[in-house]
Amino acid sequence: MQWIRIGSSLLCFSLLTACSGQSSADKLTKELDSVKSWTATAHMVGDAWIKGTVPEAYAKETLSKTQEELQKETETLKLADSAPGHSQILEQLKQLKDTVAQMSKAVEQKDQQAMNQQIQQLSSQEQTISTLFKQQAGGHE
Amino acid sequence: MSKILEIALGIVTSIGGFLDVGAIATAAEAGSTFGFHLIWAILLGTICVIFLVEMSGRLAAVSKHTLAAAVRERLGFNFFVIPLLAEIAVDFLVLAAEIGGDCIALQLITGISFQWWALPVAFAIWLLIWKGNFSIIENGVSLLGLITLVFVFATFKLHPSLTELGADLLPTLPKKDTAHYLFIAVSILGALISPYLFYFYSSGAVEDKWDEGHIGVNRAVASLGMGFGSIVSLGVLIVSALLLNPKGIQVDSYEQAALMLTQPFGYWGFVLFAASLGIACFGAALEVTLDTAYIVAQALGWNWGENLKQKDAARFSLVYTVFVFLASLLMVFGIDPLQLTLFSMALTALILPPVIVPFLVLMNDESYVGKHRNGWISNSVVIFTIALTFVLAIVAIPLEIIGG
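So the protein lines, in turn, are chains A and B.
Going by this note's numbering, 99 is the number at position 99 of the first sequence; the sequence numbering is gapless.
Going by this note's numbering, 1051 is the number at position 51 of the second sequence; the sequence numbering is gapless.
So that you can see chain B by itself, here it is in the shape it has in the complex (with noise of 0.2 Å):
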């Protein structure tokens, strides 16, 4: 019975922390811009997340390595220097990002600028990561994300044709625009597989102390929480198609990502993109804030652990706390958050291969995961779209920024 409850907990609290700055934004302009042409790519970022955060807790549960120790143990500091600069610069970015979308759910809603909120979030996110404890992180901020299925309610209020979505479910180029249809759609399948989420994945299953009775929990969560997660991602993607796309809206700002909801719900509409905005990027601010934290402890052998006593991992401490005020500063001089996110996406899909790599050569080694090693068809997904997403990336990214 509690392993039941248990998968239920993780598969709701997975729906609920799913979005993120990056998936809204992305969604949104995907969905303004090019109608229902990129859900190919959300579909394609879902399933290659589900099977690497389903790994990530595997490899946690057997050797009871976090990925960050794994990777430094099998492959030596001096290689694991390599993804944890590319990964602290992009959480960085990502962090930065968050904020933004926090400070601007709070703009919404009181109409003060988005800079001014920037250090009051930043002191939130330390407070509760200061006072609070892993459970209330993971379970109670994603609980609170559950806000975000008004997008999936909004999506049905509004009808879409199952024939026009079923047509996009493969790749086509659009007439126009190509290069920024591929930038978007890397930005997609950086916003969903983000490196922070396996890092912080496994490093919450090592605190939880998962074993090898774990592995069905971890299954289930993972393939059905990220799966029906990814849902909400279509319906922002769906209902910006329906709304914003038919009017000519391309959203280039939050403002306009905000009118979505205001024609399915009215007012209330508003209050919830704002909410939805809010609590979904709090909660992923929170989870990259940690991971940072996890991952250089971990690769420098430092105490680490959300559980623990400040006193007792006061290394671990001070990395979240300098680097959540740092990265609010870029909202403080007022950079644009949703160019922010945008490049920050692509960025992490730049970074794809340094970490998923050496992940999967561990996923491969009987001495971490014995006889739970990776099948041929995981390796195969991943290998497929970590390629695929790097050289888009490369293709798209120049393109992005040279076309202005």
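One chain only, chain A, in its complex shape (with noise of 0.2 Å):
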């Protein structure tokens, strides 16, 4: 009996722990990590497909699913926000997948030079959206 008691108490308190313990802050930084972690993929799948490493199946299929990934999350973005700042991270977002779309497109016509481009101009964008992010997430703090 005791431990139910025990163990319906921690329950509870994990529950209450989860629902109330999460800023914006945190949020913001959960969709950056997660943001961040699609495109050093869509990265590192580009360089490993110019390096001949990975066949171009995958790397089509990586791609697309990084856009898949983006999309949700400017979709959760969309959801979560209105302040100031945001619509910039949205669009930031756009021109990520964007970018993507476009590394698809040279694996599909097997154009390595511009794979290199889209890489580099990835990580400026990275870069960018780091940025704002922190900005936001400060801002909410």
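There may be inaccurate statements among the hints.
[Stated by the list, open to error] 30 Å max Cα-Cα, derived DSS-like pairs, lysine-lysine:
| # | chain 1 | residue 1 | chain 2 | residue 2 |
| --- | --- | --- | --- | --- |
| 1 | B | Lys1176 | A | Lys65 |
| 2 | A | Lys78 | B | Lys1176 |
| 3 | B | Lys1311 | B | Lys1064 |
| 4 | A | Lys36 | B | Lys1175 |
| 5 | B | Lys1176 | A | Lys134 |
| 6 | A | Lys134 | A | Lys51 |
| 7 | A | Lys97 | B | Lys1311 |
| 8 | A | Lys72 | B | Lys1175 |
| 9 | A | Lys105 | B | Lys1247 |
| 10 | A | Lys97 | A | Lys27 |
| 11 | A | Lys110 | B | Lys1247 |
| 12 | A | Lys97 | B | Lys1176 |
| 13 | A | Lys27 | A | Lys94 |
| 14 | A | Lys65 | A | Lys94 |
| 15 | A | Lys30 | B | Lys1247 |
| 16 | B | Lys1247 | A | Lys36 |
| 17 | A | Lys72 | B | Lys1247 |
| 18 | A | Lys94 | A | Lys105 |
| 19 | A | Lys27 | B | Lys1175 |
| 20 | A | Lys78 | A | Lys110 |
| 21 | A | Lys105 | A | Lys65 |
| 22 | B | Lys1176 | A | Lys27 |
| 23 | A | Lys105 | A | Lys78 |
| 24 | A | Lys134 | B | Lys1175 |
| 25 | B | Lys1157 | B | Lys1247 |
| 26 | B | Lys1064 | A | Lys72 |
| 27 | A | Lys60 | B | Lys1157 |
| 28 | A | Lys36 | B | Lys1176 |
[Stated by the list, open to error] What follows is a set of in silico ranges between Cβ atoms, one per label pair, in the way DEER data are often shown:
| # | chain 1 | residue 1 | chain 2 | residue 2 | range |
| --- | --- | --- | --- | --- | --- |
| 29 | B | Ile1401 | A | Gly52 | 38 to 44 Å |
| 30 | A | Lys134 | B | Gln1115 | 35 to 41 Å |
| 31 | B | Leu1127 | A | Ser124 | 48 to 54 Å |
| 32 | B | Gln1115 | A | Asp33 | 25 to 31 Å |
| 33 | B | Leu1127 | A | Asp111 | 40 to 46 Å |
| 34 | B | Ile1377 | A | Ser124 | 56 to 62 Å |
| 35 | A | Asp111 | B | Asp1208 | 54 to 60 Å |
| 36 | B | Gly1301 | A | Asp33 | 51 to 57 Å |
| 37 | A | Thr76 | B | Arg1315 | 45 to 51 Å |
| 38 | B | Leu1085 | A | Gln117 | 54 to 60 Å |
If you are wondering where the hints come from, they were derived from the structure by calculation, not from laboratory data.
Only a predicted model underlies this, so the values are computations on that prediction, with no experimental measurement involved.
For each residue, glycine too, the CB sits at the ideal point set by N, CA and C.
Fit chain to chain and form the complex, with the hints in mind.
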């Protein structure tokens, strides 16, 4: 009986912590981590494809998955907030998606030069969005 | 001499068979997200699983009972229904995840979506169980599983800092994302301390007709095989921590994990990752499928045995046939294999107490294990680890679900 009481207390504690503990800043940091993770994945896949260390089909599939994940993040962010700077983040996310779509196209056309250009663009977009997210997260604290 | 060969084969197959979809997914996610900080969970899980596997072999060798049959006999069918249903439910999810791992491996190599592979993979698993015997399943696939040692070679190639590795042998909470950290810790423990391992191991020992003369072999195989096997799991975590974590890649899908070996081994690294994932999951899928048929048959008193002809164990054969095809449907419907893996591993942690507590009762009962009863060390290690895992699971699973 005592064990059941301890168990249910722990469960209540964790539910309450989960409901109340996550601040907007935490949520934004989580979104940023996910965007960064998928952007870094696209970057690594692009590099690996140029070096010939991954098959074309895999590169295409993973880049397409990256676009889907970025789209999901965009939708989550659209619902989440309307603070100043928010629209800039959404705009940057759109540009990121476009770049990844161009990378996909480069794989299809077997165009390594285009892939190199897109990877460079991806790097600078990654830095911009990272700065924007940090400003937003800072504003929420 | 034959005992030495038996030990050697047991150790080699334990190493080859150590990895499964849970071990790969949890270690890859842990390394990519938290660096070396979750090494302690692999070490703790390994110590516990060494004790439990040794116990299940000892139980079978001394009592000539499988774990399921002994629990049913000692505590009655009405009690055994609880761990039985819990185990069947978890086996179902774990099997779907293992099939998912195989499908992803095939997708990586062929580019054809994983959903298309679910039924062919299920058929291949069923065919091998139907046509093969216990030795092929126990040794053949596990020997192929030695390919997973590629993660250990990659670790050596990457020269990780021993000081940093050593610093994470003891648990420390991360500065952020504590809920996810705990969830991954629970998933690692659930992946390592999988109840299907003990049920399968004890059934295998009975199929192989072990007696008290096997106690030494069992001890050596359990401790050395599982101990060295965990090095492969550590290899996955370390490679992921060294190559994916610095780039900011958090493994949320197998496609991301597949990049892990391309840096140290180039194109072959990609192929070896897919092959390791495929073979490890195939071996584990065979074991989970058979395990479910074993425990159902043993619980209901049916004929059972992988070495029996199908007509002599018809209901046993029916169970694995239906089970493997039903589990594959989760992949046909397109459930995310990695998320399913992490979830089913965490769920495994939740069912550990109802599975392990009766096991400990048996291992301290002289009428089953005679003078080979558990000592206080094995009882304490297992109780501590299971209690910790269960409490962590109760806290971490709701946090992870609500936190998204």
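Hint-by-hint comparison with the structure:
| no. | hint | result |
| --- | --- | --- |
| 1 | B:Lys1176 / A:Lys65 | 27 Å, holds |
| 2 | A:Lys78 / B:Lys1176 | 24 Å, holds |
| 3 | B:Lys1311 / B:Lys1064 | 24 Å, holds |
| 4 | A:Lys36 / B:Lys1175 | 19 Å, holds |
| 5 | B:Lys1176 / A:Lys134 | 15 Å, holds |
| 6 | A:Lys134 / A:Lys51 | 33 Å, violated |
| 7 | A:Lys97 / B:Lys1311 | 58 Å, violated |
| 8 | A:Lys72 / B:Lys1175 | 26 Å, holds |
| 9 | A:Lys105 / B:Lys1247 | 24 Å, holds |
| 10 | A:Lys97 / A:Lys27 | 21 Å, holds |
| 11 | A:Lys110 / B:Lys1247 | 25 Å, holds |
| 12 | A:Lys97 / B:Lys1176 | 28 Å, holds |
| 13 | A:Lys27 / A:Lys94 | 20 Å, holds |
| 14 | A:Lys65 / A:Lys94 | 15 Å, holds |
| 15 | A:Lys30 / B:Lys1247 | 16 Å, holds |
| 16 | B:Lys1247 / A:Lys36 | 9 Å, holds |
| 17 | A:Lys72 / B:Lys1247 | 21 Å, holds |
| 18 | A:Lys94 / A:Lys105 | 17 Å, holds |
| 19 | A:Lys27 / B:Lys1175 | 15 Å, holds |
| 20 | A:Lys78 / A:Lys110 | 35 Å, violated |
| 21 | A:Lys105 / A:Lys65 | 14 Å, holds |
| 22 | B:Lys1176 / A:Lys27 | 12 Å, holds |
| 23 | A:Lys105 / A:Lys78 | 27 Å, holds |
| 24 | A:Lys134 / B:Lys1175 | 17 Å, holds |
| 25 | B:Lys1157 / B:Lys1247 | 19 Å, holds |
| 26 | B:Lys1064 / A:Lys72 | 55 Å, violated |
| 27 | A:Lys60 / B:Lys1157 | 29 Å, holds |
| 28 | A:Lys36 / B:Lys1176 | 16 Å, holds |
| 29 | B:Ile1401 / A:Gly52: 38 to 44 Å | 41 Å, holds |
| 30 | A:Lys134 / B:Gln1115: 35 to 41 Å | 39 Å, holds |
| 31 | B:Leu1127 / A:Ser124: 48 to 54 Å | 53 Å, holds |
| 32 | B:Gln1115 / A:Asp33: 25 to 31 Å | 28 Å, holds |
| 33 | B:Leu1127 / A:Asp111: 40 to 46 Å | 44 Å, holds |
| 34 | B:Ile1377 / A:Ser124: 56 to 62 Å | 58 Å, holds |
| 35 | A:Asp111 / B:Asp1208: 54 to 60 Å | 58 Å, holds |
| 36 | B:Gly1301 / A:Asp33: 51 to 57 Å | 52 Å, holds |
| 37 | A:Thr76 / B:Arg1315: 45 to 51 Å | 49 Å, holds |
| 38 | B:Leu1085 / A:Gln117: 54 to 60 Å | 58 Å, holds |
Of the numbered hints listed earlier, those contradicted by the structure are 6, 7, 20 and 26.
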